[in-house]
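**Student:** Chains as they are written, first to last, in my numbering: chain A, 1 to 754; chain B, 1 to 754.
For the record, the hints were derived by calculation from the structure and aren't laboratory data.
Quick caveat, the model's predicted, so the values are computed rather than measured.
Any given hint could turn out to be false.
Given that identical chains are not distinguished, each listed pair holds provided it fits within a single copy or across any two copies.
To be verified - Straight-line Cα separation of at most 27 Å, BS3-like style, residue types lysine-lysine; simulated pairs: (1) Lys295 to Lys220; (2) Lys115 to Lys47; (3) Lys150 to Lys47; (4) Lys218 to Lys415; (5) Lys220 to Lys47; (6) Lys163 to Lys220; (7) Lys63 to Lys163; (8) Lys732 to Lys705; (9) Lys220 to Lys63; (10) Lys570 to Lys732; (11) Lys570 to Lys617; (12) Lys570 to Lys220; (13) Lys736 to Lys288; (14) Lys220 to Lys591; (15) Lys220 to Lys402.
Number of protein chains: 2
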Amino acid sequence: MGCCMIVYDGEFIIGEDSFDEMSLNKTESIMCQGNGYICVRAYAEEKYPLRVVNTFIAGTFNKYFDEVTELPNVADAFSLDIFIEGVRFFLTRENVSDYNKSLNLKTGELVRSFKFRSCDNEFEFEMRRFISADNIHLGASKIKVIPLIKSANIVVVSGIDGKVTNSGDAHFIDVMRRFYEREFIVSHTKTSQSNIDVFVNVGHRTFVDGEEIFDLPKPKMGRKSVFGEFNFEVGSELIFEKYVSYYTSIDKDVVDGQYYEILRENMKLGYEGLFLRSAEALFLKLWKNDYIEIKSKNYIDQLSLNYALYHMFVMTPAHDNRMNIGAKGLSGEGYKGHTFWDTEVFLLPRFIVQNPLAARSLLEYRYLGLDGAREKAKLNGYCGAMFPWESANPDDGEVTPKFSGVDVFSGEPAKVITGDIEIHIVADVAFGVYLYRNFTGDDDFMCRFGYEIIFETAKFWNSRLEDGDDGLLHICDVIGPDEYCEHVDDNMYTNYLAKWNMEYAIDCYNEILHKNPNLLIEIDLKTGICDVINDIKLRYEKVYISTPDEDLIINQDSSYRNLPEIDLTKYKEASLVATISQDYNMEQISKLKVSKQADVMVLFLLFGEKFSDDIKKANFDYYEPFCLHDSSLSLSSYAILANDIGYFDYGYELFSRATMIDISQEMHSCDDGVHAASYGGVWQCVVYGFAGFRMIGGVLHINPKLPEEITKLKFGFYYLGRRLEIKIENGKVDLKNISGEAVSIIVGGKLLEV
Amino acid sequence: MGCCMIVYDGEFIIGEDSFDEMSLNKTESIMCQGNGYICVRAYAEEKYPLRVVNTFIAGTFNKYFDEVTELPNVADAFSLDIFIEGVRFFLTRENVSDYNKSLNLKTGELVRSFKFRSCDNEFEFEMRRFISADNIHLGASKIKVIPLIKSANIVVVSGIDGKVTNSGDAHFIDVMRRFYEREFIVSHTKTSQSNIDVFVNVGHRTFVDGEEIFDLPKPKMGRKSVFGEFNFEVGSELIFEKYVSYYTSIDKDVVDGQYYEILRENMKLGYEGLFLRSAEALFLKLWKNDYIEIKSKNYIDQLSLNYALYHMFVMTPAHDNRMNIGAKGLSGEGYKGHTFWDTEVFLLPRFIVQNPLAARSLLEYRYLGLDGAREKAKLNGYCGAMFPWESANPDDGEVTPKFSGVDVFSGEPAKVITGDIEIHIVADVAFGVYLYRNFTGDDDFMCRFGYEIIFETAKFWNSRLEDGDDGLLHICDVIGPDEYCEHVDDNMYTNYLAKWNMEYAIDCYNEILHKNPNLLIEIDLKTGICDVINDIKLRYEKVYISTPDEDLIINQDSSYRNLPEIDLTKYKEASLVATISQDYNMEQISKLKVSKQADVMVLFLLFGEKFSDDIKKANFDYYEPFCLHDSSLSLSSYAILANDIGYFDYGYELFSRATMIDISQEMHSCDDGVHAASYGGVWQCVVYGFAGFRMIGGVLHINPKLPEEITKLKFGFYYLGRRLEIKIENGKVDLKNISGEAVSIIVGGKLLEV
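Just chain A, with the same shape it has in the complex:
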């Protein structure tokens, strides 16, 4: 079996060295292209049964009957049906050679090149594609076909295919499909429930043997689809360029004129001209400011970091505060485009530090979700805002599906209860606000959005606490970050953050009371915080927090440490995650001492300054052996902690594994989309871990601890409105203030004015 391999080429190119239909989905995900507005999986133009064609436009959520809201797969404009001498063109292991598929992270271009043998001819193919970083609505592809033995008849059927679904759920209703000027192909559909119009426009330019061809395509209108058929007699070369634009009725940038006319104007620049514009824009929007130089003995570290930055650009709808980042970005159907705690705890830090405007937009999304969160709290009998475990449109409230997969024993659908009891998300959002505010000093955000979030989340916790016989307040029946432990009491992470959330609300209250009493009145009208703040003050200190035992171990929850142990070797060594669920159902897993992911470790990441290194070490040593790292959020949390406590080798190993979550040789790890949060995790490993960035007491601390493999780190960042640049090399830290007034930073324990 000649399986294909992922190839790592230089700083910016990730590739695949041969064709294997069984592995299509992997590169479709990791090589997806987009700009935060739209994202197109890197699916092949030609059809394969295992191919997954997805085009997602951020924020176009729709609800299929009684299912939960999800991001719908919009019409496919990049597939092509190519017929050579009347036979459908597609690749098999046997008819292709010199295959290479690669994504250039720097320019955003996807290229497939290969030689294809038909029964009596041979062809050189080059298929290029980009989604514009310049004009977010635009994309284009350019196919070059060179017959090598003799001339060939090549028919290309190209247009818009609206027969796509989300695994069988169709989200769109036809409004209109047609040709304009016998040449431009357009489709107008709308989502079935949310009534969002989506407009797709397609134009072509074609060249045969060096001459541009102006023949009109033969129109083909099928159900939910509209195509043009092009018929070419190709002597030396066919160039087939396809230009595509997407618009929706919720776009904030309103466009003047007919979409196809705009496309026609753009097409005058040709593929190369438009691509150049896009690559320049990608440089300005991403690489110019956000590039992180990492000199490592393993050259792949630089590539994988660039890879993470690329995807964080592609997946982030920074242009619109009604939208957030999905757990799979915009790269696949997984998790239905929903936003989780992944944003605040794993991805937000990267934006706070490198792109505060985007960070603010992501947090404004949570503010817009307050009503839905209030509604969820009310439905569950609580006060304040109970942010949903999964969110889609800000005002949708909770959208976690009720079932997923199958219970191996009963044969029934397996229940999903995270939407009911994984409540730490509420404090995670508050923590995101806190971190953003501390790092950026954005008081405007706090006044308009932040305080209200903090008060409402604190109110939720205050109402959620339960009186215990010990005179303390407990939080029972939750899922903490470690999702293999369902229905636990006093999950350390949850309790700690709940307490902190209440305490921070008190701080905020006092702050406004003194600085801006009129604002307090305004916010009180919306939140009723004044009525409840005294209660919060009285109660927050009574929240039960597990204290380290004689071995310095903190209880993850009230029962974990007493659970029976089993031999986990098989699952720890499995190349795919969650293999344990093939042997046990969730009820059984919850009764075993086994973790899906970091739990207490995440607490050490957020509030590291509150715990001694000894405690961190003891808990790392205790918990890691039971952790299967079955969540992509796990490795980076452990990696940073390992680096912090001086486990440099293991830390670097965990970091390396984290960078490889999606781009390893395991060909099915990300079939249904990339692991968005893991990219934030990789970034954190570098900036929090190696560079040692941490906010403590409202001041940035930088305490670099480079593992042996890494010899240099250099990158720019924003802090309290200033643009700074840091270089860490040879045990030295260089900090430059690029713009703005001097600012205080504690580097290696010493206060510096930069």
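Fit chain B to the supplied structure of chain A, relying on the hints for placement.
**Tutor:** Okay, now just chain B, sitting in the frame of chain A:
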């Protein structure tokens, strides 16, 4: 290019001699399997991008948002994902040999057999499948794989895939998917608008190297799908049997017990046992009584007639009078499962003559549709019942889509106006009642359903007539049978049938008035016929009917003969139909002297006794050259007429072309479903044409005219409740009365008592 060929084998086997992905859809349609309740296209178990997977259950119509009602594609239970040594099994032209796919019309079994080469092994495959004619809910498949070079690891993923759509429109909502007893796979979905529950149940039996295997499959539950994964190490032979059952909430036969438990009971018989039962049932339900022996110099005539009978069995939901026959039967998405005039004019005669119970059920469907037809009449400002051009559920009324395809010039969707103005369907239904009644003598049907249909349709026509300046009554702005003529006045076929329909209503009225006055009162309460009958009597004779001119030509409509002629050679010779629409839009075609199909000829078919042979000849000669036969209804109408008027050679040629509409070597003629009515047309060519059956003045006339090629015809039929058998051979007609009292038939002009 090694294109595959359709192979005709003996009386009962239609096959395909090699594998070609480009031609998959052809055999999927023509080899579809079913029993009138359910029909499964003969799609390959393994996936191909061009494969069209359809399973239709009669009458489960659903409406996708604002589209017209259509028959939804239900979950796929016959696909299998087969992996050999980890590589997905599928065929290419290169890796397969000795390929044969064939359908045995007599037993209903589909068989694919071939040799498959993997990179380092070779396999013999045999894949068999049937849908039971015994238990209409049941089907099964049996896959045999023999590794030829060495043993092999074979993984089969098998279950229920609900990710199917109708070209992108999803009609089903998930209710429940699960395993029972870790072995039975079930799915329960419901249609999104009509709320019809569909239950699919799957079980397996597997044998490796001669031993039955009882390992439990590994459950895999994805979106809208549920599968079991089987893993086999195969030395000499793998046998994989899959058992499937389908039920719906509109089934008339209510089943006692859990569906999967019933399936388990059935599975005990094994594939072979169940298949035997099915083949026996198919014999009893179809071949025993309905087989028509046709001895011809072209052996294919017998096969193609058997083929037509097979499909008329598969497509006809004779079990339920809420259902009718779709224009593509149940074999494809084409025409959305809708019923047209095809039923009454082309298919019904076969059932009237050979299966009167089914014929009655098909007409009861129209009776159930009266309210919808009344509603349509009212909406259009008319009285009585205006039967819809396309119908789905009886009470849906008109369901013709408003658009189809693209206008080649404007680029806009092409309007479909048949639903508005192709009104001859109203009289076609009445004619069906008339023919059924005359042939069967079923007065019970007339009293309960028939009279009401006749009165309501006559009332429609009476209200539809327009006063002309000539003192006559006209019917303007219609489409006649020839759909290349839109917006015509006084279409001969329409006017003639309208007049006849009114006249027949008068006859019926007089009949009941004298025989059963109480019934008249009852029917009058529902129809108000008594108030309007005098008006009908006064007006029907004034309906304008074109009289033959000096050349004996009858005007197809008021304008056709004055239209400009163009050279039609190119279109007449095209292997695919409707090629003219690539050069002209409908507005332009309507202004040319060109016909899609027979128009006046159909009138000669229904009311042949009213026109002299000279007139028939003259009109045949005049109209046929302008006819592109772009409707599958056209050839048989012309063929019968040609035979009638003594154009035996041309008649036989047209007959032969009619038999080949779907089973010719043209590989795309029936991609989206078979041409249901053409099978009725073929049957009519034989029984109406060659055997010369015709009802004239309420008496059966038999006037055989065998073309030279055909030397013997023998078949059974029902007439006025008697079972008869006819043999035509060597210029002699043998008529036998198998059961019942003697009956009068006019054979070759002489009255016989049989």
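**Student:** All hints are to be evaluated individually against the structure, with a verdict given for each.
**Tutor:** Status of the hints after comparison with the structure:
Proximity of lysine 295 and lysine 220 under a CA criterion of 27 Å is satisfied in neither setting, with 54 Å inside one chain copy and 44 Å between copies. In this assembly of identical chains, lysine 115 and lysine 47 lie within 27 Å of each other by CA distance both inside one copy and across copies; the values are 17 Å within and 25 Å between. In this homomeric assembly, lysine 150 and lysine 47 come within 27 Å of each other (Cα to Cα) only inside a single copy, at 25 Å, whereas the closest approach across copies is 32 Å. Taking the shortest alpha-carbon separations for lysine 218 and lysine 415, only the inter-copy value of 19 Å comes in at or below 27 Å, while the best intra-copy value is 51 Å.
Both within a single protomer and between protomers do lysine 220 and lysine 47 lie at most 27 Å apart by alpha-carbon distance, with minima of 18 Å and 25 Å respectively. For the homomeric pair lysine 163 and lysine 220, the shortest alpha-carbon distances inside one copy (14 Å) and between copies (25 Å) are both at most 27 Å. With identical chains, the CA atoms of lysine 63 and lysine 163 are at most 27 Å apart both within one copy (18 Å) and between copies (17 Å). In the homo-oligomer, the alpha carbons of lysine 732 and lysine 705 lie at most 27 Å apart inside one protomer (11 Å), although the nearest pairing across protomers, at 107 Å, exceeds that limit.
Taking identical chains as interchangeable, the C-alpha atoms of lysine 220 and lysine 63 lie at most 27 Å apart only when they sit on different chains, with a minimum of 25 Å there against 30 Å within one chain. When the C-alpha separation of lysine 570 and lysine 732 is checked against a cutoff of 27 Å, the pair qualifies neither within a copy, at 43 Å, nor between copies, at 83 Å. Taking the shortest Cα distances, lysine 570 and lysine 617 sit within 27 Å of each other inside one copy (25 Å), while across copies they are farther apart (85 Å). With identical chains, the CA atoms of lysine 570 and lysine 220 are at most 27 Å apart between copies only, with a shortest distance of 20 Å across copies and 54 Å within one.
With identical chains, the CA atoms of lysine 736 and lysine 288 are at most 27 Å apart within one copy only, with a shortest distance of 16 Å there and 95 Å across copies. When the C-alpha separation of lysine 220 and lysine 591 is checked against a cutoff of 27 Å, the pair qualifies only between copies, where the shortest distance is 24 Å, while the shortest distance within a copy is 59 Å. In this homomeric assembly, lysine 220 and lysine 402 come within 27 Å of each other (Cα to Cα) only across copies, at 18 Å, whereas the closest approach inside a single copy is 42 Å.
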